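S.K.: Let chain W serve as the given structure and place chain Y on it in line with the hints.
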Amino acid sequence: MTTINAPMPSLSHRASRWFSRNLIRIYAALAFIYLFIPVAYTFAFSFNDAGKSNLVWQGFTLENWQNPCGAPQVCQAVVNSLQIGVISTVLATILGTMIAFALGRYKFKGRKSTNLLIFLPMATPEVVLGASLLAMFLNLRVNPGFWTIVISHVMFCISFVVVTVKARIASLDPRLEQAAMDLYANERETFRYVTLPLVMPGIAGAALLAFSLSFDDFIITNFNSGVVSTFPKFVYVSAARGIPAQAYVIGSAMFFIALIIVIVGQVVSRKRKKI
Amino acid sequence: MAFLHAVSTGKSATKSVLKSRSLTPYLLLAPGLIWLVTFFIIPIFSLGSTSTMVRPEGAQIGVYVQELRFANYVDAFLANQDQYIRSFVYAGLATILALLIAYPLAYAIAFKSGKYRNILLVLVIAPFFTSFLLRTIAWTQILADSGPVVSAIKVLPFIDDLFRINNTSTAVVIGLAYNFLPFMTLPLYASLERIDPRTLEAAGDLYANGLTTFRKVTLPLSMPGLVAGTLLTFIPAAGDYVNAAILGNPGTKMIGNVIESRFFAVVDYPTAAALSFTLMATILILVTVYIRRSGTDELV
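As they're listed, the protein sequences go chains W and Y. Numbers -5 to 269, taken from my numbering, label the letters of the first sequence in order. Numbers 2 to 301, taken from my numbering, label the letters of the second sequence in order.
Bear in mind the hints are in silico, worked out from the structure with no lab data behind them. None of these values were measured; they are calculated from a predicted model. Some clues are possibly wrong.
Unchecked claim - Residues from chain Y shown here face chain W by an in silico Cβ test under 8 angstroms; the list is partial:
(1) F40
(2) L124
(3) A274
(4) I286
Glycine residues also receive a C-beta, built at the ideal position from the N, C-alpha and C atoms.
In isolation and in its complexed conformation, chain W is listed as follows:
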């Protein structure tokens, strides 16, 4: 800083300079407020003593949090969403990680078309993904339900897993694997004890991403769910006649659970780095 010898500027001058120097920080703070207003709103209204329709503030209560299954069908929808999320995440993470290793570690013919096939689902609007899958199910006379939702979620999650895990594989230092080989580890041991542990954070991140995409998906699910309800579908359907406050409880709880998982994950990985 070169201001040591400069004369003391006037207060308003200093204020305006502080403002222009921190303009970008102020802007970022405003952007964060924009991002979090609806989250804060959802959290606040989870304590609303609302009765059936949670539109106007009626007074504070803890009852919704004590009895989140109080509204009919909320918990069945959440259980469905959790089951679909877990099954889809496991399948998509396994399939996507395998593709990521093939792309990141091997030479083979057809790499370009593989990359294109991974990219296309991400470049296709959800409404088209949902409508095309439903068109196929209808043409095959398959009744949509639980398993058609799982199929669709695995389909759109694979690409995101591949991209996430591939980036992690690409950032590895290949000398670590060479060192293992130099120390007489064979290919399988090198993979098991060196490569896989190093890629694990990427796989965990991909799984978390896949689960949150699956749990929150509405458009593709709506096309391929038949009469099966999921949490987003429950919210959308009940929006017309008023959403029960219990849905706000579940939305807020998911927010805090996911936040804790992410923070714990960061702390754990930082501790490991120190060792």
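M.R.: Relative to chain W, chain Y alone:
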């Protein structure tokens, strides 16, 4: 996007570990690619097939037979061209709005956040953990006619008493920009973060002022993130129907709303399929032109 990252960092590094002429890569690829072909590629063909079907005279609701009637596309487009054009206009406006919010945000996280960088990144994604439907519905309350935002704006002079945001196209665009903001912020951050701050200092040393440095150094270097971010915002926004359904009115319907109601309310599968197919084709063409124009071919 991560593709770029993989290309730029992985090429020389992985050479020694790349193995060729083995069956392993194909065995690793097979299950996932078979899944994608069966549940993504074949359905697209199925959609194409449905789009030229015709309902026979006197048939039950929902029964259609293949007659290769390509005029379905013309009928579907002519009947819904307003919603079709509106989708791209709204998606374009939402992308610009999201870019204006996300660029300074990503810049601040990349260059001005110091040790709080990781926390701020988590905060960008965190709103995602609350159901996006609940957050969109929250906007209807926040922007409601008697809500805080509208009341505050009405205090200003020259504002009509009938001024409202809810159920207007403004609300739909705000909702779209909001819902896809992290998709814009994260790729922008990823490419800004890789800029060496010394290149910006060097620009200053060469007498470039702040604006020139931004225009000639920062912006070109962040181009890959900007292209990826705008695509990741524009594509889902163009096909979205949730924001228009919750925040809009019947006059702000987008093509997604039409496809949804054709499928479920009207049970007119061919029209819905023709519209979906047209939407997908238009987006693919726009994306290809955009990627070529912006000179980031290596994105895919």
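S.K.: Each of the hints needs a verdict: does it hold here or not?
M.R.: Each hint tested on the structure:
1. F40: Interface hint status for F40 (chain Y): holds (4 angstroms vs cutoff 8 angstroms).
2. L124: Given a least distance of 6 angstroms, the restraint on L124 (chain Y) holds.
3. A274: Interface hint status for A274 (chain Y): holds (6 angstroms vs cutoff 8 angstroms).
4. I286: 11 angstroms, violated
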